[in-house]
Amino acid sequence: MSITYLEAIREAQAKALADDSRVFIYGQDVGPFGGAFKATKNLAKEFPERVWDSPISEDAMVGMAVGAAIDGMRPIIEMQFADFSTVGFNQIVNQAGAFYWRTGVRCPITIRLPSGGTPGSGPFHSQCMEGVYAYYPGLVVVTPATVEDAYSMLVESVALDDPVIFCEHKYLYYHLKADALPSEALPIGKARLTRAGRDMTIVSYGAMVHEAIATAETLQGEGWEIEVVDLRSVKPLDTDAVMASVARTGKLLCAGEAWPWGGVTAEVITRVATEGFALLDAPPVRLNAKDTPVPYHPKLWSVHRPTSETMAAAARNLLRS
Amino acid sequence: MSITYLEAIREAQAKALADDSRVFIYGQDVGPFGGAFKATKNLAKEFPERVWDSPISEDAMVGMAVGAAIDGMRPIIEMQFADFSTVGFNQIVNQAGAFYWRTGVRCPITIRLPSGGTPGSGPFHSQCMEGVYAYYPGLVVVTPATVEDAYSMLVESVALDDPVIFCEHKYLYYHLKADALPSEALPIGKARLTRAGRDMTIVSYGAMVHEAIATAETLQGEGWEIEVVDLRSVKPLDTDAVMASVARTGKLLCAGEAWPWGGVTAEVITRVATEGFALLDAPPVRLNAKDTPVPYHPKLWSVHRPTSETMAAAARNLLRS
Amino acid sequence: MVETAESRTAEMQGRSWKDRVLQAFRSMMMARTFEEKLTSLYRGGKIQGGVYLGRGQEALSAALAHSLRDGDVFAPLIRDTGGRIGFGEDVKDALRTYLGSPLGPMRARDGNVHRGNPKRGYLPMMSHLGSMIPVVNGVLVARRMRGINGTVGATTIGDGGTSTGAFHEGLNQAAVEKLPLVLVVVNNQYAYSTPTSRQFACADLVDKAVGYGVDGRSLDGTNLEKCLEVLGDATERAREGHGPQLVVASLLRLCGHGEHDDAHYVDPQLKASPLGRDCLEVAESALLEKGWSDAVSLERWREEMREHVESAIATVQREPSPDPYREDWTALASRHLCEPYSESEG
Amino acid sequence: MVETAESRTAEMQGRSWKDRVLQAFRSMMMARTFEEKLTSLYRGGKIQGGVYLGRGQEALSAALAHSLRDGDVFAPLIRDTGGRIGFGEDVKDALRTYLGSPLGPMRARDGNVHRGNPKRGYLPMMSHLGSMIPVVNGVLVARRMRGINGTVGATTIGDGGTSTGAFHEGLNQAAVEKLPLVLVVVNNQYAYSTPTSRQFACADLVDKAVGYGVDGRSLDGTNLEKCLEVLGDATERAREGHGPQLVVASLLRLCGHGEHDDAHYVDPQLKASPLGRDCLEVAESALLEKGWSDAVSLERWREEMREHVESAIATVQREPSPDPYREDWTALASRHLCEPYSESEG
Ligand SMILES: Cc1ncc(C[n+]2csc(CCOP(=O)(O)OP(=O)(O)O)c2C)c(N)n1
Ligand SMILES: Cc1ncc(C[n+]2csc(CCOP(=O)(O)OP(=O)(O)O)c2C)c(N)n1
Ligand SMILES: [Mg+2]
Ligand SMILES: [Mg+2]
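Protein chains in written order, with my numbering: chain L, 42 to 362; chain P, 42 to 362; chain X, 790 to 1135; chain B, 790 to 1135.
Rather than coming from a laboratory, the hints here were simulated on the basis of the structure.
Here the structure is a predicted model, which is why all the values come from computation and not from measurement.
Ideal Cβ positions, reconstructed from N, Cα and C, are used throughout, including at glycine.
One thing to keep in mind: the hints can contain errors.
Computed from the model, here is a short list of chain X residues facing chain P with C-beta under 7 angstroms [as the list claims (entries may be wrong)]: (1) Gln837; (2) Met915; (3) Gly949; (4) Ser952; (5) Gly954; (6) Ala980; (7) Arg987; (8) Cys991; (9) Thr1104; (10) Gln1106; (11) Pro1109; (12) Pro1111.
Produce the entire structure from the sequences given, and follow the hints as far as they go.
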């Protein structure tokens, strides 16, 4: 058997629905059609009345989920693309994010954001919003980079008592396959040491983890041993794991697919600079997308976001410094 | 004569309207009433048909501004509170922010966001959104901290050919007074060395600049000379000015009123750590608000955000390190 | 317009009409009494932040709450003091939220009109207008999924609030899901200073109902008995499965937007018109006229209520203020996922 | 419903009705011809990203564009190929956007349906449904402020798009401002796979008009002449200062949501109903019946159009692809405010 990242997301939802009658799925075309990406394929058939189509009303979708959650349910909301969550932004950050702190009443909702770039997706179907949501108090923001994590972190997200922004990466939907679904998993909040090394740490998340692995492989051919840390969740962010790796290597490259001002890479570097300054043998380096909308043309796109080539170049510079 | 920060905002708009017939103001209650904070007082009378009330439709307010701007006008949009811009978020970040890059057509709009905390304002009338907007390509984000800057930067914002997010701080509206409006000004993009020093740099912006100044004064009494850098604009962010100051002092404390994950303080520290690592004699330190919604009660609020007391404590730690 | 029948409504509730009117009237009176004290507290500088009153809207708001039953859901807005009290809110809890007592339902974290008790079906509003509508929908969906039928969800929105995308998405969602939502549009002629001519262009806001495929009713919001009739009927129709009910009430805000606002912009002609009637006075006259109360009783009630509010104030003012150093600064229920952010401690 | 008059509409435009019909028809035919080629290119893997067609909607879309005049504003949506061509778009520019030529109007930065030319009043859509409505409003406000009268702004939205807050805020804003906006709601029975029963609960989307205080018209979107009549009338009423015009057209999407979608979910009964008629075939039959064209001419036009599209493809396919290393990566017009972000260069 072989299972894709996308199938793992479907399976996680199937499991959540099967295990807990409080779970339901609501979003555009998630019902009989099975979702724009087929992440809810057959679920409406298997769980009638618990998986259904919403109108094109992102704000009301999230608002409704909040109401259901505070009344005891565990909704999963699918945004058709992460980019469209901007029209449900207020309900996400101000209603869902603030509810528990204001009232003491739990608001367990999972909002799935098909995120990140793929060739030809252009300015409005490619965005990374993890850094924006992580800014807000009261939200958990996760960014699975593997098939296994897509599965186990989604199951765990639905079980958490808080709103979770589940940033699933569209580029990984079909590109990534695993042999089987995991039976054990790291919990949300823990980063993974994807690859051990000695000479440098690359911290990354989402689709960039695979560029980081490719970079490490390239550089291995050049005699370097690169450690790769997959953050898995960006809020909370596993500072300890990052610090431990930097303590081993002394060098930090942090790479993300998001735009360059702020976001996850700045947060990681700031934590290391403020709390682990002495661990650094060289200035930390960050690598992000360019500061323009995400371009449509694949040739432009492939230069807009970091790749294993630009990452390797940045890593070589850092290794030499 | 004495003029408040709020009056300076009004005067800047009066000047923009008087100097350029393409300028208009649109927002809730900005017409005859003169705005919830009176920032447009009498302007509807002075400029009939160029200052008028919108429905409670933040999304359409910004969308309309974009349409008018690409057709040659220079709209100013007043949000009643920065917090309400979340419902116009999509038009701001995806329509206005992306328009020029996608089309080559300029989109000169100024969106005024009455930002930041004041006692008793609570979770939905106190927010700082500069870091969220700065993440997005195509937006200029400014955070005036003085009466003079409120005036000159607003005049300049309206004259710029891009969308500007003008984060005016409500706490400064009445608290801050100047003798006169400025005739000269630093341009947007340049930070100001508010106070020269030797022992440490405090980088800040908005209302926190005044906490930084108070901190510097307190610490002067303890024999320290603290340099205060007022960023003025957070995107672009004047890295050179920050770096020059850190080069002089070797120590960096960066303080902001926003929530602690990411945002301006992380961006500043990351720039210094990546580009000015060798300038640092000690690990940089950041100071932000707590990671919860902004509390209503003044006693809670005064502990939620940084103050000159917590800043002085952080500074002393850093000075001793 | 849907037919209403005084007798039917009263019968359904199993109480005499007179009793219902008197009960709602007492909520109105309590709301007015409470708000007058709030104004004094505000003028005396005892309240940090704003005070937003429902003066002139008590009949409508109280009638809505008194049309609800145990287990129903109520999401009031800023001018719903009458409804909050009618829904069973303790005046002390209202005061606690204004005065920032940590013993209040919002524990000094949120203030003034942003209060509620979700466990009791009393939803605490957030500021962004329109955003409570889908939340009410969500509670109703949850109930339906659990097989709980016969619950109604009620919420209000101003004339200004109808211009928000949230209003539209929320009402449309309720219509598509055929939820038992009672949405009361309170056309008090102004949104802060903005007149309705700058807010919408339809002849009457009730004209929106047909475009959502929901029942619509218009209502004179200054008349308590009319409010009870129409809202009683609307809630029962919702309860019986006829989907969302849009009720548009007309009246005038008899105060500033907040107590900081002198409302100088209100058109004197509107004040002089039937819309400008004070619903409390109208209700009192009606009670006297019908012989359902008398001047002495009214005065006694008012006095009792004043005393009740004053004693509540005395209690709440003696309560501790929140201790920021013992405050639990964790925004997540999953405490193990909260990060220390020690850097922000200074 | 507002009275329409064939003769009046034609007269206003100063052209014979027959000429207008033929002109719009040719836009329809060109749209269909172009889209058929697009499908081949898509199947041949020549297009990165999606292809979204307007098959079955050409009559409506072309009629809208042909109801506009020089200086008017047009903000098409994904299924408006007919309108884009009718508004004067060069097929080469459309292809350039699909194929990502840097010589196209979007310079390979944006793609497929996200194209336009704002300087010509042809607004490039962004994806978020409903978000173009207030932008059109803004252009109309700008014109009015500069004293330019008689400009109309036209845009379309799907049945699904009516559920967005943006639709509501945008239409309401236009109504309050009494702008010359022609908003065409294209009810093609589905939003992607979602049927209208999950999208709205009103009997007819035109029922929304009264709630906004705007004129409303219904329309059989499969009939070109009806489309020209009704849209001609709506644009003229807007132009004459009667405020926004809401036109609701019914038809069926005769293709998948995008070319990746087989549309298996479309109800066969709908396909068999009058809604499922192919507007191009209907128009051809009408032309033949009236003797306004004949089979030979139609075939010749089709052939000419095919050749035109093929030669455009040949041209555009020879154009360079964008060079990412010479691309100008600056999102601000104020170049002096762009930061280098040298760290992202790798
Ligand atoms: C989305 C949003 N924008 C702006 C505001 C600021 N605001 C608070 S109350 C108000 C006026 C509301 O008017 P209306 O809905 O008519 O209610 P009323 O105050 O008259 O009861 C405004 C603009 C808000 N709360 N939410
Ligand atoms: C705000 C928003 N949410 C979701 C989407 C994704 N999306 C693109 S087209 C579409 C369906 C649109 O249906 P409809 O409005 O009926 O237009 P049609 O495709 O039928 O022409 C959806 C959901 C979007 N573009 N914008
Ligand atoms: Mg009102
Ligand atoms: Mg459709």
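Evaluation of the provided hints:
The beta carbon of X/Gln837 comes within 3 angstroms of a beta carbon in chain P, closer than 7 angstroms, and the hint placing it at the interface holds. Hint on X/Met915 holds. Least Cβ distance to chain P is approximately 6 angstroms, under the 7 angstroms limit. The beta carbon of X/Gly949 comes within 5 angstroms of a beta carbon in chain P, closer than 7 angstroms, and the hint placing it at the interface holds. For X/Ser952, the suggested interface contact is upheld, since its CB lies about 4 angstroms from the closest CB of chain P, less than 7 angstroms.
Interface restraint check for X/Gly954: the shortest CB-CB distance to chain P comes to about 6 angstroms, inside 7 angstroms, so the restraint holds. A cut of 7 angstroms between beta carbons decides the hint on X/Ala980: the least distance to chain P is about 6 angstroms, and the hint holds. Annotation: interface hint on X/Arg987 holds; nearest CB of chain P at approximately 4 angstroms, less than 7 angstroms. For X/Cys991, the interface hint is violated, the least distance from its beta-carbon to any beta-carbon of chain P being 12 angstroms, above 7 angstroms.
At about 18 angstroms, the closest approach between the beta carbon of X/Thr1104 and any beta carbon in chain P exceeds 7 angstroms, and the interface hint on this residue is violated. Proximity of X/Gln1106 to chain P is violated relative to the hint, the smallest CB-CB distance being about 14 angstroms (cut-off 7 angstroms). Hint status for X/Pro1109: violated, given a least beta-carbon distance of 10 angstroms to chain P, over 7 angstroms. At about 5 angstroms, the closest approach between the beta carbon of X/Pro1111 and any beta carbon in chain P falls short of 7 angstroms, and the interface hint on this residue holds.
The structure fails hints 8, 9, 10, 11 (numbered hints given earlier, in ascending order).
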